[in-house]
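So the sequence shown is numbered by full-length UniProt numbering: it starts at 1 and just counts up by one.
There's no promise every hint is true.
Unchecked claim - Label pairs and their computed distance ranges (CB to CB):
no., residue 1, residue 2, range
1, Ala87, Gly64, 35 to 45 angstroms
2, Pro125, Pro32, 39 to 49 angstroms
3, Gly105, Ala60, 30 to 40 angstroms
4, Gly71, Asp42, 19 to 29 angstroms
I should point out that these hints are in silico values taken from the structure, not numbers from a laboratory. Beta carbons are placed, not taken as given, at the ideal position from N, Cα and C, and that holds for glycine.
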Amino acid sequence: MPGISVRYIVDDVDAAVEFYTQRLGFSVAFRPAPGFAILTRDGFRLLVSGMTGPGGAPQAMPDGRKPEPGGWNRIQIEVADLETEVAALRQAGARFRNEIVQGMGGKQILLEDPAGNPIELFEAPKK
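With the hints as constraints, model all of the structure from the sequences given.
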C-alpha cells in the first residue's frame, strides 16, 4: 500500500475503528493486531495506533516524550450538508470542540474521535 497516510494515536483502537466505520463512512483495510488498524475512505488512509504495544508509533522519543492523542492537527472530511451531519453525529453522542463556524471558504466544525483527536467536517460554499 504505497502512498500517503495520516496516523492518529488513540487510547482504544476498537473504539476508533467503530467510530470511523460506523459514523464517518470509513472501511477497515487492514487489522493485523489489536493495537493497530488501517482505515480507508475515498482513497485516504487513516492509521490508528494504540498508545501501547510493540509497534513503533507509541514508542517514546529520545527526550522521553510519548505520543498521545488529541492535538490540533486534523484530517478534513468534506460533507454536502454540514448541519445534517452534525445533527446525526450529536444524536449518536459524538463530541464537538466548537459549534459550526462560517469562514471565507465555507463552514466547518471540529468533531472529536473517541480518543480526542480532531476531525474537521467541512462544507464548501454552494455554487
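Tested hints:
A C-beta distance of roughly 43 angstroms is found between alanine 87 and glycine 64, which places it inside the suggested range of 35 to 45 angstroms. Separated by about 41 angstroms at the C-beta atoms, proline 125 and proline 32 satisfy the suggested range of 39 to 49 angstroms. Distance hint for glycine 105 and alanine 60: a CB-CB separation of about 38 angstroms, consistent with the stated range 30 to 40 angstroms. At about 23 angstroms, the CB distance of glycine 71 to aspartate 42 agrees with the hint of 19 to 29 angstroms.
Checked against the numbered hints given earlier, the structure satisfies every one of them.
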